[in-house]
Amino acid sequence: MNNKFLKNVVFTLVVLTSLFGCTKKDNEILIGEYGALTGNDASFGQSTNKGIRMAFDEYNSTGGIKGKQLKLISYDDQGKPEEAAAVVKRLITQDKVVAILGEVASSRSLAAAGIAQQYKVPMISPASTNPKVTQVGDYIFRSCFIDPFQGKVGAKFAFDNLKLKKATVLRDIKNDYSVGLADVFVEEYKKLGGEILSDMSYQAGDVDFKAQLTEMKSKNPEVIFIPGYYTEVGLIARQARELGIKAILLGGDGWDGDKLSEIGKDAINGQYYSNHYTTESTDPLVQEFIGKFKTKYKETPDAMAALGYDTARILAEAIQRAESLGSDKIRNEIAKTKDFVGVTGKITLNEFRNAEKGAVIVQVDNEKRKFITTVNP
Amino acid sequence: MQDVLQHLINGISYGSIYALIALGYTMVYGILQMINFAHAEVYMMGSYASFYAAKWLGIENSPGLSTLAILLLTSMISCSILSLAIERFAYRPLRKAPKINSLITAIGVSLLLQFLAQLFFGAQPRAFPTVLENQTLWTFGEVALKTSDVTVFGVSILAMLGLHYLIYHTKTGQAMRAVSANPTSASLMGINVNRTIAATFVVGSSLAGVGSVLVGMRYPKIDPLMGMMIGLKAFVAAVLGGIGSTMGAVLGGLIMGVSEEFVAGYLSSTLRDAIAFGLLIGILLLKPTGLFGRATSEKV
Numbered sequence: 001m002n003n004k005f006l007k008n009v010v011f012t013l014v015v016l017t018s019l020f021g022c023t024k025k026d027n028e029i030l031i032g033e034y035g036a037l038t039g040n041d042a043s044f045g046q047s048t049n050k051g052i053r054m055a056f057d058e059y060n061s062t063g064g065i066k067g068k069q070l071k072l073i074s075y076d077d078q079g080k081p082e083e084a085a086a087v088v089k090r091l092i093t094q095d096k097v098v099a100i101l102g103e104v105a106s107s108r109s110l111a112a113a114g115i116a117q118q119y120k121v122p123m124i125s126p127a128s129t130n131p132k133v134t135q136v137g138d139y140i141f142r143s144c145f146i147d148p149f150q151g152k153v154g155a156k157f158a159f160d161n162l163k164l165k166k167a168t169v170l171r172d173i174k175n176d177y178s179v180g181l182a183d184v185f186v187e188e189y190k191k192l193g194g195e196i197l198s199d200m201s202y203q204a205g206d207v208d209f210k211a212q213l214t215e216m217k218s219k220n221p222e223v224i225f226i227p228g229y230y231t232e233v234g235l236i237a238r239q240a241r242e243l244g245i246k247a248i249l250l251g252g253d254g255w256d257g258d259k260l261s262e263i264g265k266d267a268i269n270g271q272y273y274s275n276h277y278t279t280e281s282t283d284p285l286v287q288e289f290i291g292k293f294k295t296k297y298k299e300t301p302d303a304m305a306a307l308g309y310d311t312a313r314i315l316a317e318a319i320q321r322a323e324s325l326g327s328d329k330i331r332n333e334i335a336k337t338k339d340f341v342g343v344t345g346k347i348t349l350n351e352f353r354n355a356e357k358g359a360v361i362v363q364v365d366n367e368k369r370k371f372i373t374t375v376n377p
Numbered sequence: 001m002q003d004v005l006q007h008l009i010n011g012i013s014y015g016s017i018y019a020l021i022a023l024g025y026t027m028v029y030g031i032l033q034m035i036n037f038a039h040a041e042v043y044m045m046g047s048y049a050s051f052y053a054a055k056w057l058g059i060e061n062s063p064g065l066s067t068l069a070i071l072l073l074t075s076m077i078s079c080s081i082l083s084l085a086i087e088r089f090a091y092r093p094l095r096k097a098p099k100i101n102s103l104i105t106a107i108g109v110s111l112l113l114q115f116l117a118q119l120f121f122g123a124q125p126r127a128f129p130t131v132l133e134n135q136t137l138w139t140f141g142e143v144a145l146k147t148s149d150v151t152v153f154g155v156s157i158l159a160m161l162g163l164h165y166l167i168y169h170t171k172t173g174q175a176m177r178a179v180s181a182n183p184t185s186a187s188l189m190g191i192n193v194n195r196t197i198a199a200t201f202v203v204g205s206s207l208a209g210v211g212s213v214l215v216g217m218r219y220p221k222i223d224p225l226m227g228m229m230i231g232l233k234a235f236v237a238a239v240l241g242g243i244g245s246t247m248g249a250v251l252g253g254l255i256m257g258v259s260e261e262f263v264a265g266y267l268s269s270t271l272r273d274a275i276a277f278g279l280l281i282g283i284l285l286l287k288p289t290g291l292f293g294r295a296t297s298e299k300v
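Going down the list, the protein sequences come from chains D and L. Just so we're aligned, residue 1 is where the first sequence starts under this note's numbering, counting upward by one. Just so we're aligned, residue 1 is where the second sequence starts under this note's numbering, counting upward by one.
Everything labelled a hint here was simulated from the structure, so no lab data went into it. Errors might be hidden in some of the hints.
Each computed SDA-like pair below joins lysine to any residue, with the alpha-carbon atoms no more than 20 Å apart [what the hints assert, rightly or not]:
no., chain 1, residue 1, chain 2, residue 2
1, D, Lys265, L, Phe115
2, L, Lys55, D, Ile73
3, D, Lys259, L, Leu137
4, D, Lys346, D, Lys298
5, D, Lys219, L, Glu133
6, D, Lys265, L, Tyr266
7, D, Lys298, L, Gln124
8, D, Lys246, L, Ile104
9, D, Lys246, L, Leu137
10, D, Lys219, L, Lys55
11, D, Lys50, L, Val4
12, D, Lys219, L, Val4
13, D, Lys259, L, Tyr266
In silico negatives: residues of chain D with every beta carbon more than 10 Å from chain L [stated by the list, open to error]:
no., residue
14, Ser43
15, Glu83
16, Lys156
17, Ser218
18, Lys259
19, Lys265
C-beta atoms are modelled at their ideal positions from N, C-alpha and C, and glycine is treated no differently.
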């Protein structure tokens, strides 16, 4: 290899780095976000994104953090785990973000968490409830409760509050969230003395659930636990009623999307799910958040929007407290989050980097979600 | 026993939708020896066309037979126009080229339509309008026969009978069969080959249009990628029945629908797709031409 060739290579590299490396401005703090802005559960990603942007806009309008503006770089992972991994790598290596927010779905958070951990960039998931997510490493946090808790809440509510003793489970077999939640529910429900008559599965993207439901109907359950996402749940509810199943349907926070009622129509009315927050809360902080969100986006914030908002604020506060913008410094400050007053409740991150907070049970009433009860850990 | 009957009703109702879409694959294959992968996307576009038509006409919440008729008509017309355009601009220029070229073009058109739909309609699933009031027509113990099941089956049968009449009792049908047998001789006999092929596309995609409304009625969730899986299954149904044979496509669709239903009900839903493709492999091993595909048979 001759000298001239080397010189050319070095020159090209210098030009390239100066072209791509100089996008960052000094008065900005870059924060990455990845989520499903398109795809089957796009409502999760879009709501979270709205919540995060609102939080950052609020900080920026009052002078930003450490005198710098918070700049959000959002990428769409199309609801695919492999895409989530790719965009997070891009956020870290190309955009050089100091921290990452995302994802809602546990499968996607799991796919990306390994990369964030490898590069030691802190990541906070606003809504991934599968326990495995934060077990990936000490740079991965979440600002929501975890499935063992949510599953217990569901089982307790069905058994104690609704007094239903016979259940069947319909889980999304391809989804870490759904499988995890279903497992805990089954275990907890049996422990309480309930009976699981059958445990069946479907796959996200299916439209026909009549085979499973026909099978369940022959067992005559009182409650059907469906820890799935809102698009499928809407269809399941309709088909269950078409087959004449009268059991109560119960689910988790995956139900929380505007399409739930739009697809499920009357069939989904009166059914229950556990969630992170309720718009019917009388807490002035929550009402103020709802008011601001409505003026900004002309819609009522769902739980994902509220979690996105809280998560963005937890991160911003941590950056404010950190002595520098080093990823390790920010990580340590996130870990110290204690009694943070958010719209989804008072948040304390425990030693496993999970949030400890209560869950609410809501009942579907057309577009509205009626508040039923709060369950604390 | 009762749930067996219920499973059978569910399976036949779903299978007849497979059959409708499978017919489109089989007809185009019969006449062009080409697998039209864009067919599944034509089907998807049909459901969006009827979705927007219902919105525009304000009939999204007024179920009834007239709504069903209007939506069926809109979907059929828009599917026909779209597939005519695809045939004219993507496939016709390649008709003299090797078959693999048009196959790859078909995949390209399919992807193009998927992503255009995501761009223009959004990737979010939409709720399809209520087409018919879903009532229980007949109960036998625990078994319920619903309006939707009967409508799906009834409309499918009507469409298939119409197709049969068209192919075997009209001039156009005769031309289709002639072109399918031998396009060169057909053109020597004074048959307008281009027009006949276009007619085949129109008929095939109209059936997909019918299918899209029926699916929307039973499973009121539509999204830009909805064609992928159902298209693949319908294609399997067409091959299962013997691609090129209309009778085979119908039977293949019904076999697929019923067997999937029983597998998901009694074994596990994870095996649902496996059984579909397992059936395909099994049939191809035993009878490579499919159930009704005979080398000498008339193909349309």
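Status of the hints after comparison with the structure:
A threshold of 20 Å between alpha carbons decides the hint, and for D/Lys265 with L/Phe115 the separation of about 29 Å lies outside it, so the pair is violated. Simply put, L/Lys55 and D/Ile73 have alpha-carbon atoms about 35 Å apart, too far for the 20 Å limit, and the pair is violated. Taking the CA atoms of D/Lys259 and L/Leu137, the gap is near 29 Å; set against the 20 Å cutoff, the hint is violated. At most 20 Å may separate the alpha-carbon atoms for a hinted pair to count; D/Lys346 and D/Lys298 exceed this at roughly 27 Å.
For a cut-off of 20 Å, the pair hint linking D/Lys219 to L/Glu133 is broken: about 28 Å separates their Cα positions. Between D/Lys265 and L/Tyr266 the alpha-carbon distance is near 29 Å, which puts this suggested pair outside the 20 Å criterion. With a C-alpha separation of about 19 Å, the suggested pairing of D/Lys298 with L/Gln124 holds against the 20 Å cut-off. Of the supplied pair hints, the one linking D/Lys246 and L/Ile104 is violated, its CA atoms being roughly 49 Å apart against a limit of 20 Å.
For the given pair, D/Lys246 sits about 18 Å from L/Leu137 by alpha-carbon distance, which is consistent with the 20 Å threshold. Restraint check: the Cα-Cα separation between D/Lys219 and L/Lys55 comes to about 40 Å, which exceeds 20 Å; the hinted pair is violated. With a CA separation close to 48 Å, the supplied pair D/Lys50 and L/Val4 exceeds the 20 Å bound. Taking the CA atoms of D/Lys219 and L/Val4, the gap is about 14 Å. The hint holds against a cut of 20 Å.
Between D/Lys259 and L/Tyr266, the direct Cα distance comes to roughly 30 Å. Violation of the 20 Å bound is thereby established for this hinted pair. Not every CB of chain L lies more than 10 Å from the CB of D/Ser43, the least distance being 7 Å, so the non-interface label is violated. Remark: the non-interface label on D/Glu83 is consistent with the geometry, its nearest Cβ contact in chain L lying 13 Å away (cut-off 10 Å). Non-interface call for D/Lys156 relative to chain L: holds, since the shortest CB-CB distance, roughly 28 Å, exceeds 10 Å.
Its closest Cβ contact with chain L, about 5 Å, brings D/Ser218 to no more than 10 Å, contrary to its assignment away from the interface. With a least beta-carbon separation of about 6 Å from chain L, D/Lys259 fails to lie farther than 10 Å from that chain, contradicting its non-interface assignment. Residue-level check failed: D/Lys265 sits 8 Å from the nearest beta carbon of chain L, not beyond 10 Å.
Of the numbered hints listed earlier, those contradicted by the structure are 1, 2, 3, 4, 5, 6, 8, 10, 11, 13, 14, 17, 18, 19.
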